[in-house]
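All chains should be modelled from the sequences, with the hints used to inform the complete structure.
Chains as they are written, first to last, in the numbering used here: chain A, 1 to 391; chain B, 1 to 393; chain C, 1 to 510.
Keep in mind that the hints were calculated from the coordinates and are not lab data.
Certain hints may be false.
[What the hints assert, rightly or not] Derived lysine to aspartate or glutamate pairs resembling DMTMM-like cross-links, with alpha carbons at most 25 Å apart:
hint, chain 1, residue 1, chain 2, residue 2
1, A, Lys224, A, Asp363
2, B, Lys219, C, Asp21
3, C, Lys267, B, Glu234
4, B, Lys177, A, Glu374
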Amino acid sequence: MKLWRRLAVVVLVFLMIFAFSACAKNEPAPQEEPETPETPEEPETPEEPAANVFELALITDVGTIDDKSFNQGAWEGVEAYAKENNITYKYYQPAEQSDTAYLDSIALAVKAGAKVIVCPGFLFEVPIHTAQTMYPDVKFVILDGAPHAGDYNIEIADNTYSIFYAEEEAGFLAGYSIVKEGYTKLGFMGGMAVPAVVRFGYGFVQGAEYAAHEIGLTDPVQVKYTYVGNFNATPENQAKASSWYNEGTEVIFACGGAVGNSVMKAAEAAGTKVIGVDVDQSAESETVITSSMKNLSKSVYDALAAYYAGNFPGGTSVSLDATVEGVQLPMENSRFENFTQADYDAIYAKIVAKEIEIMNDSDVVEDAGKPAEEVTAADIPVSKVEVEVIN
Amino acid sequence: MRTKLFQYEGITSFLSSLSAIAAGLLVGLIILLVSNSQDAFPAFVMILKGGFEDGSRGLAQVIYFAIPIIMTGLSVGFAFKTGLFNIGASGQFKMGAFVAIYIGIKWSFVPEEIHWLVALLGAMVAGAVWGSVPGILNAFFNVNVVITSIMMNYIGMYLVNMAIVKTVYDSLKNQTKPVLKSAVLPKAGMDKLFNTSNVSIGIFIVIIAVIAIYIILHKTTFGYELKACGSNREASRYAGINEKKSIILSMVIAGALSGLGGGLLYLSGSGKYIHVLDELAPEGFSGISVALLGMSHPIGIFLAGLFIAHLEVGGFNIQLYNFVPEIIDMIISVIIYCGAFALLFKQIISRFVTKPVIDTDTSGIEPAMISQANDTSDMGGAEDKRGHGEDKI
Amino acid sequence: MEYVVEMNNITKIFGNFKALDDVTFKVRKGEVHALLGENGAGKSTLMSILFGLYQAEKGSIRINEKPVKINNPNDASSLKIGMVHQHFKLVHNFTVLESIILGRETVKMGVIKKDEARKKVIELSERYKLRIDPDAYISDITVGMQQRVEILKMLYSDSEILIFDEPTAVLTPQEIEELMKIMKELVKEGKSIIFISHKLNEIKAVADRCTVLRKGKYIGTVDVETTSKEQMSEMMVGRKISFNIEKKDIKTGEAVLEVENLTIKAKNSKKNMVNNVSFAVKGGEILCIAGIDGNGQSELVYGITGLMPIQEGRVLIKGKDITRESVRKKSLDGMSHIPEDRHKHGLVLDFNLQQNAVLQTYFEPRFQNKGFIKFNAVAEYARKLIKQYDIRSPRDEDSIVRNMSGGNQQKLIVARELDRDPDIVIAVQPTRGLDIGATEYIHKQLVAQRDQGKAVLLVSLELDEVMDISDRILVIYEGEIVGDLNPKEITVEELGLYMAGSKRSGGYEN
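Rendered as structure tokens:
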């Protein structure tokens with residue numbers, strides 16, 4: 001009978017929990033308005049108050065908040081601004097990767113009293129298109145994308161600010177610095193051939209070309225160029241990187257989220273170098289010589305500052321480039337021996353001054369005069385760089 | 001003292017599933033308390049409220065998450081009733097999803113009114129074909145279904161990835177293109193009712209599938225044959241049941257259910273696409289959990305699927321309380337883990353639900369007593385001659 | 001009087017069921033003490049307590065006059081108690097010697113000292129006249145030999161008290177006789193033997209005293225010499241049992257089942273398990289196929305019933321060739337089959353009684369309509385069988401068959417098979433593992449079929465059964481029929497010689 005009693009207890013506890021939740025459900029929730037008067041009042045928002053109010057929100061894209069990449073970079077901007085100005089902030093993780101799940105996360109953030117919602121990544125384009133009209137009083141900041149209804153007809157509402165980055169300039173800086181540093185056998189390992197990654201890669205090749213001309217190399221710089229087809233850390237990716245290193249590649253520009261982790265592991269084993277992407281990845285591995293950074297946190301910080309200053313640049317889409325410090329190399333954390341801060345400042349100034357023409361993906365397509373699908377990195381007009389495209 | 005509780009099996013199963021759930025929730029509460037004791041209780045309540053938290057929109061979320069896992073759960077549970085462990089629901093799901101999307105994008109010649117229906121039928125056929133392969137291999141060559149269906153999962157995944165790139169690829173996002181409007185499941189006004197776009201008549205199709213499977217399994221001679229095969233293949237052969245046919249049909253139906261699940265999810269109009277990644281469809285494996293928790297009974301699977309989805313929505317909502325949604329995965333895992341012990345729970349419960357029948361007949365017959373004694377000794381591991389030794393009438 | 005084992009006032013309770021109720025059991029030194037009782041009587045539970053697998057709630061145990069506590073089988077071993085289980089626990093690809101020393105290896109520098117062990121094994125084997133070859137592989141030796149290996153294992157570990165759990169169930173008459181001799185040899189050497197059985201003949205032959213249990217209660221201990229079989233069986237069952245089955249005079253009719261030149265190959269080898277077998281069963285007769293297990297009788301039945309492919313030959317029912325027909329078609333043509341293994345073939349254990357009752361007939365219009373089962377009709381039918389064949393179970397037609405006792409499971413199969421009104425009943429070891437009462441019942445049912453003019457093909461390993469109820473005996477040896485005998489004209493011993501292959505009757509001589 002002992003077992004019977006034990007079982008009864010378990011069942012009873014379960015019933016109590018259920019009854020408890022049922023009570024909680026049925027009790028009319030106290031009608032309490034969030035304290036900030038600006039809080040948008042949405043008909044869609046259930047009247048129940050959130051447990052806490054969080055004014056600034058970030059919805060994570062694929063991956064977690066500490067992905068050492070996009071989510072994290074944007075999050076750092078939110079965190080920095082919020083802490084400085086003593087504003088509540090929070091991030092939300094969608095339940096799955098679909099438009100409605102992203103929209104549900106936005107709804108959750110709105111429910112928690114969000115005034116500005118930062119959405120890092122182009123996957124938010126469609127959900128924000130819906131959300132910007134659904135929540136007209138909430139501001140949206142979308143990084144690397146612009147809202148559309150799935151048909152690529154961009155419609156940016158007044159409460160949405162779309163930020164792109166001149167990845168080709170970031171890639172250019174990386175390519176330039178690494179050749180100036182003295183490396184001539186390079187690799188580019190992109191995640192997937194999405195526009196941002198493509199721009200990084202094309203810029204990288206052009207940077208190498210520019211440096212090769214500048215120092216007057218006689219032998220061409222060799223660049224192995226591929227898209228691995230995913231953004232994950234997989235044994236396959238590591239094996240691929242290892243084989244490149246074995247074949248003599250000195251530095252690989254790992255341009256695809258967690259692909260970088262695979263490349264770094266391979267580099268650690270081979271004693272070679274890696275170039276990080278998106279954010280400063282120098283802390284992740286000793287092998288990271290520098291990182292081709294988008295200044296995610298600064299752009300998010302600036303957008304938030306603009307909002308609180310009352311001049312939120314809603315309805316616009318910008319491409320942040322070197323002129324506004326949208327891209328950079330983290331010189332203080334880079335492990336260069338030959339490439340100096342002065343070199344960096346010099347080339348950066350030239351880019352800002354538009355003295356160098358850096359082609360982005362559409363420029364290359366235009367230049368090649370071929371259908372976009374057929375254009376590869378091999379079509380970039382270079383003379384001192386040999387690009388070997390590996391599919 | 002003879003209780004004719006026909007549903008007694010069901011009741012013990014239900015109680016044991018409840019115990020598993022209670023244990024899982026208890027562990028969840030402990031995790032919540034450890035990670036953030038201040039908010040633990042309100043967050044816990046929020047988990048339990050799950051889909052009820054957000055009004056109709058929350059319910060819609062629950063239904064949306066439940067649809068694919070109920071279908072794969074039905075698939076796994078149905079095959080299990082026939083004695084086959086369909087671990088290949090993932091591959092069948094993905095095949096179904098792909099064919100649904102393919103038809104949804106490419107077959108614009110189909111009349112608009114029935115486009116979605118054709119796409120769903122295509123998904124079912126694709127899943128059925130994928131399920132039939134392990135079934136045929138098992139029936140004719142006695143190859144283990146588990147092994148072949150795992151292989152079919154991978155073959156399906158790579159095949160779908162390849163086919164997407166060749167046919168319906170959105171290279172910008174590395175995923176499938178959106179399906180035509182006519183292929184999206186009709187909303188039948190439910191989007192207005194629930195105030196969100198991810199509800200559709202899909203849930204009714206799921207309910208029809210649940211009822212159909214229930215009827216097949218419990219009311220028809222066909223279901224009788226399948227269950228007999230699943231429970232004792234040799235005895236079915238002895239009874240003249242065509243066990244090869246039963247096995248193949250069972251896998252075909254299981255595959256069709258998974259495939260239909262894939263079609264329902266990707267045609268729901270929620271903006272979900274198949275990404276070209278080397279990743280097996282997780283819904284197939286959730287289906288195993290759902291089938292386990294639902295005790296392989298169609299109604300149980302339906303409730304289990306809704307419940308898991310309910311928890312998932314609750315887990316999503318607890319982000320309001322500074323908790324990471326991963327906690328809900330832990331809770332669900334513990335529930336499933338305890339679900340594996342459900343048999344143990346079941347044994348304990350059945351011991352108390354049924355009282356032994358003692359006949360003090362002149363010929364001295366005490367079948368229940370003996371079976372109880374046998375059971376007890378079996379647990380002790382001493383009685384090794386059960387069924388072979390001397391038995392008593 | 002010196003007792004080696006004294007179990008006093010043992011009570012063992014499982015849940016709310018008293019498996020043993022104040023049982024006292026005493027074994028004298030140097031005797032063969034039989035423990036008699038039906039299943040569920042508590043024999044196994046009592047021995048499990050002695051062997052340390054269970055602890056008794058009440059009562060005490062004394063071994064060699066000293067009170068002991070036996071908490072696990074290791075305690076039992078150290079008290080020199082050994083047990084030969086009914087199902088041998090041997091590793092098939094080990095040699096006899098390896099099997100014997102398994103778990104008791106003497107090791108020198110990590111290497112097993114086989115030579116010493118071999119010496120001891122051979123010495124023991126000679127002393128007790130076990131005659132075993134220490135280097136033979138277990139898979140190559142007969143069941144009787146395997147049992148001797150088990151006995152040697154006990155002797156090797158110097159056991160003094162030997163428990164034999166139903167040791168004769170798997171043996172031929174000759175082997176049983178050998179075993180009896182060995183047991184006598186053992187007690188002569190001072191060992192004490194507990195002999196668990198429900199076969200009165202054997203107890204009569206070998207035991208000195210006999211303790212009878214019934215329903216967990218101690219009934220009494222008797223001197224075997226002075227007690228008749230009838231008395232002992234009455235103590236065991238609680239009522240009088242008739243040993244002789246009444247049969248009407250034989251009135252054979254037309255041949256119902258004919259088997260012509262049947263040849264069946266083994267599943268995974270080229271060996272013919274059944275070799276050119278021909279016979280006919282006539283209406284109104286019970287034809288018995290006798291033989292030692294593994295001589296092709298299972299394959300013969302599987303071939304006839306369609307569970308195994310036939311290489312050559314024909315099977316006819318009432319002149320109609322059914323050789324290539326499906327199992328279902330054969331069943332519809334009037335063939336019933338009470339299978340050898342009721343758990344493997346006869347029943348779906350997780351189905352309930354009514355579902356099992358219609359295993360071959362569920363598709364008939366009386367039980368289904370357009371593919372939907374008529375549940376009421378099925379339940380009704382099950383209730384009819386329950387009543388007619390006296391099938392007892394916890395919840396009647398809703399009982400899960402797994403929870404039914406073996407006897408009632410078998411009754412259900414018999415009911416189902418006979419109620420289909422077959423022309424030929426093929427019954428394979430229909431009373432295997434059943435106690436006297438159930439055996440008697442099933443024999444009566446088979447004889448009733450015969451008396452109605454039906455044909456019965458009985459396959460049995462039990463000589464008593466063969467002699468008691470058959471009208472004609474065919475002896476099968478290595479897949480061939482080696483004797484066509486009349487049970488009224490031959491003795492058990494003679495039959496045993498046929499079964500062992502050392503005798504062939506006229507017409508079957510090659």
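Exercise for review: Below or equal to 25 Å on CA atoms is what counts here, so check lysine 177(B) against glutamate 374(A).
Suggested key: Cα-Cα ~20 Å, so holds.
Point to revise | Distance restraint between lysine 267(C) and glutamate 234(B), which requires alpha-carbon spacing of 25 Å or less | key: Roughly 15 Å between the alpha carbons, so the hint for lysine 267(C) and glutamate 234(B) holds.
Review point. Within a Cα-Cα threshold of 25 Å, do lysine 224(A) and aspartate 363(A) meet the stated pairing?
Key: Holds: lysine 224(A) and aspartate 363(A) sit about 21 Å apart, inside 25 Å.
Review point. Do the alpha carbons of lysine 219(B) and aspartate 21(C) lie within 25 Å of each other, as the hint requires?
Key: 46 Å, violated
The structure is inconsistent with hint 2 alone, although it conforms to all the rest.
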